[in-house]
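Model the full structure from these sequences, guided by the hints.
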Amino acid sequence: MLCGVLAGALAAACDETSDTLLGGPPPAVEDPAVAAAGQQLAAGPAITRNLSNREYLNAASALLGERLPLDLQKSWTPTTQFSGFDAVPWSNLDTKAIRDITETVEALLDRALASPKVVTCAATTAAELAYDPCARSIVEPFARRAYGRPLAQAESAGLAARYDEGITLAKTSLTEPRAIFLDGLRSALGTVLLAPQFMTRIEAPPSPEFSGERDLDAYELASRLSFMFTASLPDDELWAKAVDGSLAKDPAVLRAQTERLLDTKTEAFVQSFMGQWFDFRAYEGAAAGTLEHTMWEESWRVMADVVREGLPVTALVRPGFTYLNQELAAHYSVDAKLSPTLTRVATMERGGVLQQGSWLTLSATPLKTSPIHRGRLVQDRLLCKAIPPPDSALFEQIKKAADAIPAAASVKERLESHRNAGPACAGCHEYMDPIGLGLEGFDMRGRLRNAYADTGKPVESASTLLGRPFARFDELNTMLADLPDYHRCVAEKLTVYSTRRIVDASANADKDLLYYLTLPVEGKPPSLRAMITRLVMSRAFRSVNHGAAK
Amino acid sequence: MTTKSRISRRNVLRGLGVCIALPLVESAREPLAHAQGMGPKKRFIGCFFGSGAPMPDANNGDWGYAGARGGALKPLADLGVAANVSVMRGFRAVNNFDVHWSGTAGFLSSTPVGTTSAANPSADPNYQRCAKSLDQLVADTDPKASIRSLHAGFSQVPSWDQGHDRAGSINYVNSIAWRDATSPISNILDPMAMFARVFGSSDKLSNEQAAYLLKRRKSILDGVLDQYKHHKSTLSAADKQRLDAYAQSIREVEGELASAASATTCVRPAAETAGEAYVRNFRTMHKLIIAAMQCNLTRSATIMYNDGIGPNRPTAAVAAEQHDSAHNNWANLIQINQIQVGLWGELIAGLKAAGLLRETVTILGSNMSDGRTHNSANVPLLVASENVANELKLGQEIYGTPTPAGVTDVNLNRNMSDLHVDLLKLYGVTVPSLGDGAYKSTGRPSGILA
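Listed in order, the protein sequences are those of chains A and B. Residue numbers for the first sequence follow my numbering, so the first one is 10 and each next one is one higher. Residue numbers for the second sequence follow my numbering, so the first one is 29 and each next one is one higher.
Wrong hints could be hidden among the right ones.
Some chain B residues near chain A, calculated using beta-carbon distances under 7 Å [said to hold, decoys possible]:
(1) Asp126
(2) Asp189
(3) Ile248
(4) His258
(5) Thr262
(6) Leu271
(7) Ser277
(8) Ile278
(9) Thr401
(10) His402
It is worth saying that the hints were derived from the structure and are not from the lab. The beta-carbon is built from N, C-alpha and C at its ideal position, and this holds for glycine as well.
Have a look at this one:
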């Protein structure tokens, strides 16, 4: 069922739902009681992580002033993730990683030295090869932005020495002053691009013994905000608020910058955050015009609207609209006349994350759907419920149960046999299987199906989740979105992504944080956008406790 | 400059594809005897595939030379290397976490993996802890090797689910090679990258220009170590440890740059151009590993033909993933096993043709036997070499259990550490024990030594 401007006859049926979903613009000011609660929270742990591969490329792009191609990192070891989120656990900076980065840095330096944004002056005579003033005026701003803070005196001196060594070395092989100058710069800028100060983001204590609490400084806040919203270094405006210190001193500036980033960097934010959360960034690199690329665009454009327009948290699974073009509409069996450009279309049948082609394809193998896998993934990503891996004894039981299933059993009967095979199996499968079954009407490419292509058997997707029966996936969506666990989980994913740490929902500090992030005002739970500003404005984000459990 | 050399490197590979069967230069090799760790063997290649094999399976044939499809080991007979291979039965995988994780990480060290429930798991050293692996112990016998060790793989899994990711590192499924207890070694997945690793990133290393480029690169790495010096004063212990590891990697890569020039005297093998991508990539990496060993650039390598959980379809002829096949379709699984065993058989044949098999031991094994039950008993395990002085029992079945019937009882199974201890003796390395906890070596012979 398709609603909206392009299917006017059906629009009336959908308008009601759409209206309740569109919550209007977000409140400019936080509810005072909620704001006060945010200042009562415990300071969070300090961030200590390495840049993800993607952040490294984005940050280098920002330094060079050009968008660097993804294939520069083709041979890099993928960044270690936690449940899909980059760089929560540290990645190995082993020799393979260093080799890969060193190799790429050579290519980055070729581009840097050709970039007018980087090379703002030049030495054309031997006398001009001195570090001051030209080389210094290139190297130091580059290093400051890369490290995200003013340079320590020893760091500046080290870079100057590096430039001088590069010059000395170049003179053994080159004669032309400009070429020598560029190789000197190469040595200093290459050092910056490989330095741990650039490769990692560590909120270090003021002294090694310090284990107390402190407020983050303006540079650290700018770094947190920029990597959260843009997966890159601070832009010029945010950098200026770090340099003048107002980002840390004045909460109004912090809030204004957050709102600005939410309004102007929405695309980068959802492509990174939601792209990792729901895996659709896997299709970001697909060639424009391919179905995968269109699916990727559908996913992030829906998410961007949900964030920008301040829609309720539940809109992630039932936004009431999606973005379609002719090709994607045909893929989804939506009967509509559409252009090749994606257009927002009101519908309750698609748009929610579990009905997006990207999620449906990425949660299946190219050959088949696995309801258990999809169910496990929904528990992991939308309800933050970790399903423990079966142990060996359980595997024996699983095999016995599997062997007892008649060959002719339907998918539903197979799954029900798990849940009937005793509490050891049912304990987990009752959480996974019904959700997966509810999505069996979507094949491994996200197309609708009434029957399985291989067996010809009809798809049965009605089931019972935690004692509540549902007939169709739209009812399943509503049931999921109404669970308190769902709202807490959205808050948890936001915190994991934004602060690069694992949230322990059983610990008091994190329990308080999740409670604060989901606290309803006048009976209404906060929108996703409100949740984001709540997180940023809270003490849990703005202060760190260096003694917090590591 | 770099862009240019990258293109020309590609061209070198393409160009050599035309003149494929270039014999490697025999004179480039050192004689067999070596200063440290005297023994009949000096090179080691540890090979692995995840998710096990049909065991037992009367219908399709299982981990042997018989059955409807000729058994998983049929390719070894077809390639004429079966006489060089012993089939080890009754050895168990490390199974103290999901066996996909612990059985992989512990494959070459017989050491249980660390797990944690700390609030910030990755700051707990137990989050990523196993032990130095057999390939690294062999690499230690030649500290001056140009390339300490080479590591080939098919994929790298970045994360799994909350349950696993919280308790232990995803690198448990990604690495069978561990530099030390907390440092898994990432695999090279791209044959081009391995070519660059073995032969340097420029094919003009012999001229002055290239020497200058190397110095320039080294200067940058010196600069990084200098910046690092100014960074570390206020770091916490855990962060300092991580950055120290980073600095150590920088130093090692600097060391590699210094010895890069020696690779230029070797003949560079051609990239494989025929066959499906999976097979082609591994064949090319096999050739690179053999070439690196023939030129005496390295003594040690590992190959992971798959990781066991990630998407892996070695051939379009089998319309199923390896992991799914291990769970529910052994007719498909045995075909996949045959492709991987076949690749390993080609490696043996390649070593033999290069005159290296006599000084090399290569093993192939898995992290479980029956994938349906994640059974850690009697896992697939093969040992191959060529005898110099009848030092190994080859071309036979060797039981780690008191009787053949005992192989299915995990409690009667032998630890792989018993095999590791015996193999090390062949390199002149004697260790009091290997492995840890329930998987520690027992001091009893594994049966592989004659």
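Going through the hints against the structure:
{"no.": "1", "hint": "Asp126", "verdict": "holds, 4 Å"}
{"no.": "2", "hint": "Asp189", "verdict": "holds, 5 Å"}
{"no.": "3", "hint": "Ile248", "verdict": "holds, 4 Å"}
{"no.": "4", "hint": "His258", "verdict": "holds, 4 Å"}
{"no.": "5", "hint": "Thr262", "verdict": "holds, 4 Å"}
{"no.": "6", "hint": "Leu271", "verdict": "holds, 5 Å"}
{"no.": "7", "hint": "Ser277", "verdict": "holds, 4 Å"}
{"no.": "8", "hint": "Ile278", "verdict": "holds, 6 Å"}
{"no.": "9", "hint": "Thr401", "verdict": "holds, 4 Å"}
{"no.": "10", "hint": "His402", "verdict": "holds, 5 Å"}
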